[in-house]
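Student: If you want the building blocks of each chain, they are given just below.
There are 2 protein chains.
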Amino acid sequence: MNIPKSSFPRIIIIGGGFGGIALAQKLSKKEVQVVLIDKHNYHTFQPLLYQVSTGGLEPDSIAYPIRKVLKDYPNFYFRLANVEEVNANGKLIKTSIGNLSYDYLVIATGSETNFFGNKEIEQYAMAMKTIPQSLNLRSLILENFEQALLTDEMHERDALMNFVIVGGGPTGVELAGALAEIKKGVLPKDYPDLDIRRVQINLLQGGDCILPGMSKKASQKAEDFLEELGVHVWKNTRVTSYDGKIVATKTDLTFSTATMVWAAGVKGATIKGIDAKELLAGGKRICVNQYNQVEAYPGIFAIGDVACMQSDDMPRGHPMMAQPAMQQGKNLGENLVRLLENKPLKPFKYKDKGSMATVGRNKAVADTKNFKFQGVFAWFVWMFVHLFFLIGFRNRAVVFVNWVYNYIRFDREARLIIRPYNRDYSPFKD
Amino acid sequence: MNIPKSSFPRIIIIGGGFGGIALAQKLSKKEVQVVLIDKHNYHTFQPLLYQVSTGGLEPDSIAYPIRKVLKDYPNFYFRLANVEEVNANGKLIKTSIGNLSYDYLVIATGSETNFFGNKEIEQYAMAMKTIPQSLNLRSLILENFEQALLTDEMHERDALMNFVIVGGGPTGVELAGALAEIKKGVLPKDYPDLDIRRVQINLLQGGDCILPGMSKKASQKAEDFLEELGVHVWKNTRVTSYDGKIVATKTDLTFSTATMVWAAGVKGATIKGIDAKELLAGGKRICVNQYNQVEAYPGIFAIGDVACMQSDDMPRGHPMMAQPAMQQGKNLGENLVRLLENKPLKPFKYKDKGSMATVGRNKAVADTKNFKFQGVFAWFVWMFVHLFFLIGFRNRAVVFVNWVYNYIRFDREARLIIRPYNRDYSPFKD
Chain A
1 MNIPKSSFPR IIIIGGGFGG IALAQKLSKK EVQVVLIDKH NYHTFQPLLY QVSTGGLEPD
61 SIAYPIRKVL KDYPNFYFRL ANVEEVNANG KLIKTSIGNL SYDYLVIATG SETNFFGNKE
121 IEQYAMAMKT IPQSLNLRSL ILENFEQALL TDEMHERDAL MNFVIVGGGP TGVELAGALA
181 EIKKGVLPKD YPDLDIRRVQ INLLQGGDCI LPGMSKKASQ KAEDFLEELG VHVWKNTRVT
241 SYDGKIVATK TDLTFSTATM VWAAGVKGAT IKGIDAKELL AGGKRICVNQ YNQVEAYPGI
301 FAIGDVACMQ SDDMPRGHPM MAQPAMQQGK NLGENLVRLL ENKPLKPFKY KDKGSMATVG
361 RNKAVADTKN FKFQGVFAWF VWMFVHLFFL IGFRNRAVVF VNWVYNYIRF DREARLIIRP
421 YNRDYSPFKD
Chain B
1 MNIPKSSFPR IIIIGGGFGG IALAQKLSKK EVQVVLIDKH NYHTFQPLLY QVSTGGLEPD
61 SIAYPIRKVL KDYPNFYFRL ANVEEVNANG KLIKTSIGNL SYDYLVIATG SETNFFGNKE
121 IEQYAMAMKT IPQSLNLRSL ILENFEQALL TDEMHERDAL MNFVIVGGGP TGVELAGALA
181 EIKKGVLPKD YPDLDIRRVQ INLLQGGDCI LPGMSKKASQ KAEDFLEELG VHVWKNTRVT
241 SYDGKIVATK TDLTFSTATM VWAAGVKGAT IKGIDAKELL AGGKRICVNQ YNQVEAYPGI
301 FAIGDVACMQ SDDMPRGHPM MAQPAMQQGK NLGENLVRLL ENKPLKPFKY KDKGSMATVG
361 RNKAVADTKN FKFQGVFAWF VWMFVHLFFL IGFRNRAVVF VNWVYNYIRF DREARLIIRP
421 YNRDYSPFKD
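Protein sequence lines, in the order shown, are assigned to chains A and B. With the working numbering, the residue at position 372 of the first sequence is 372, and numbering never jumps. With the working numbering, the residue at position 113 of the second sequence is 113, and numbering never jumps.
It is worth saying that the hints were derived from the structure and are not from the lab. If you're wondering where the values come from, they're calculated on a predicted model, not measured in any experiment. Where hints are given, some of them may not hold.
Identical chains share a label here; the pair holds if one copy fits it or two copies do between them.
[Said to hold, decoys possible] Below, computed lysine to aspartate or glutamate pairings styled on EDC-like, alpha-carbon distance capped at 16 Å:
| hint | residue 1 | residue 2 |
| --- | --- | --- |
| 1 | Lys183 | Glu228 |
| 2 | Lys349 | Asp195 |
| 3 | Lys184 | Glu341 |
| 4 | Lys277 | Glu295 |
| 5 | Lys91 | Glu295 |
| 6 | Lys39 | Glu143 |
| 7 | Lys71 | Glu146 |
| 8 | Lys30 | Asp312 |
| 9 | Lys267 | Glu112 |
| 10 | Lys284 | Glu341 |
Modelling step: build the complete structure from the supplied sequences, incorporating the hints.
Tutor: Below, the structure is given as structure tokens:
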């Protein structure tokens, strides 16, 4: 990997997400050598992926070059690689570009889509956790309408214009809302020869409310917003199978659709070499103590989505969102310095800054510690919070231009099939 | 294809480039049915592709949804398809989504990279005529530097950091200049552990001057600008082969490089069914008369790059650029209406608005009928002309934000490998 030896201890960070970047920034001027490894050369601002999928934003403006984050830090190295295995005994990692030893290892690999072992769903469903996946979904949505024009079979056309989104968390809610806005603002003009009223957007949720992580009030209001926009919300509806044509559920309900988006769960993106007994059952998150240490492996830490710090009020760990990852990254950065100075470590304290979700223009819900609010004000707050947390002035400016334009013109101009998404099956022919 | 029958005559336009779009706009309120077919669902602003390749712009902001151009035009249909063959006798076209008959057919398919029959170069060289190709080049450039970090073999590293651009037309000149600016502004910060001074940018031109379509003064000044930026300009240097490792030329000169960009020629993107004797020898452009009619086939027209309208002062047709295409599109739009009204047609008169090329910040050359100018003023003119011809307010705003940012910060933030470009060969292992 061509990382020079240094007299400073070497900290390897796997993953340039919210946690990894926050940690790197904390270590920027310390007497350590830092090697950050990611399989992409950019940081992804995941909360806005759904806007890439629905043509509202360009992918490049929610991505930020990791090398640019690190460029002014001495003793920092970035490597574009897949980490294949951790060898905790040998204190080294195996990657697609060779092995590297560490003094401290921080696993900040985030999360990946959880299909709960259902291979069929994994094969046919669309996921939306990375920029390439979001672009595939964008292409598929547009391709569906192009294809719908060509068929005279009513059931085929309906299936192409029927969107089933599984999972009523923020991702599912935001995607459903964005699709509903395209249905209203863009599709009737783009496809005057299709009956766009027949476009269906279905949001399926296994539990009895959407946005289960938020307040009852927010959940109910988000549902109202979705219904206003024409989204069909199906609660207590658990999907059992999807063969590329029919979504089956635990009840009698089925959906004939060419597009099912799976936003029903994530799991920690753990790494080979971390023993299964260190993982929280089901979720694949690595159990850590209050210092983010993986206790079975001295010198190994985990932060963010992949880490599970259990506590009495959070028996399954912190929510898998940007805030806990960033805060853990910062705290660990300070703790690593304390460790090197032989000072006592500071336990992680999560400061809940609240959560929010947006459904559509002027329609958002927000819960903070002291206030819960919905509607136009929440929507403005949502926008400014997201602009604030985007990395880079250029990204902010470009996203802002797009938002202003989309808002004024009821439009989404990035409805471009740059790379076609080629299904390896036909949803209609046997 | 599900295009309804209409009492109006049907005009099929193949291609949504500068010519096809200009033609469609002219026909917008006429008593005709127009079917526009393109293999992409967007119009590409080709003059800025090199900025996508070099991380200066996002691909989405130089693309514009074709459906959006047509949305207010009654009797207009867009279909996303490949046109496979023209059947002039049957007055129909065969496409990937079925056949369609026409009353008038306009071939506006533009041009494609001309490898002059050299299959080896076609296999190993990078082209830059479409957005996906430009993104592949962007990925490859960045991947080269990531790979250069990993090798200790000096010749491998040098080959990865050696860029050979073949063709001294505007595309080659602009790409070479942009690479030189990245070398100066971005690479030393991103790759402090590489000796960026060893990065080589070579521009190879077969003839004895670069920008042969422009004035002597512009050509010379562009060459000076390139040399100032550290680009090596090799004139009278004709490439004979490239095997993925070594560029050989007609002289003794060879280049060891992992990246050769081929910008040495284009040819008309003609269609099966148009007889070879209708094509200009060598260039694959379809010969048309002064009304853009393909005389051998009544009812078939060709405009833009694919059309060759020979005249005494332009024996090989108009330059293959946006301006002739747009002007021909407009003129043909008017002529089609005249045709339907049994009025005499108006011959095409090319109004040369001049040409320009940009080399780098504050460095451009421009030739107009009355003035030839170079430097800062030409650069500003270049920018405003390009902003003006971009379609769409959002695209203009986003491109403008990027340019201002890039100018002030000497930066290119879209240096993202969204989709890796996977070579199917290794430039170093046999």
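Student: If a hint holds in the structure, say so; if it does not, say that too.
Tutor: Here's how the hints hold up against the structure:
no.	hint	result
1	Lys183 - Glu228	within (13 Å within a copy, 53 Å between copies)
2	Lys349 - Asp195	neither (53 Å within a copy, 44 Å between copies)
3	Lys184 - Glu341	neither (60 Å within a copy, 39 Å between copies)
4	Lys277 - Glu295	within (12 Å within a copy, 78 Å between copies)
5	Lys91 - Glu295	within (15 Å within a copy, 76 Å between copies)
6	Lys39 - Glu143	between (29 Å within a copy, 12 Å between copies)
7	Lys71 - Glu146	between (44 Å within a copy, 15 Å between copies)
8	Lys30 - Asp312	neither (34 Å within a copy, 72 Å between copies)
9	Lys267 - Glu112	within (6 Å within a copy, 46 Å between copies)
10	Lys284 - Glu341	neither (33 Å within a copy, 73 Å between copies)
Hints 2, 3, 8, 10 from the list above are not met by this structure, while the remaining hints are.
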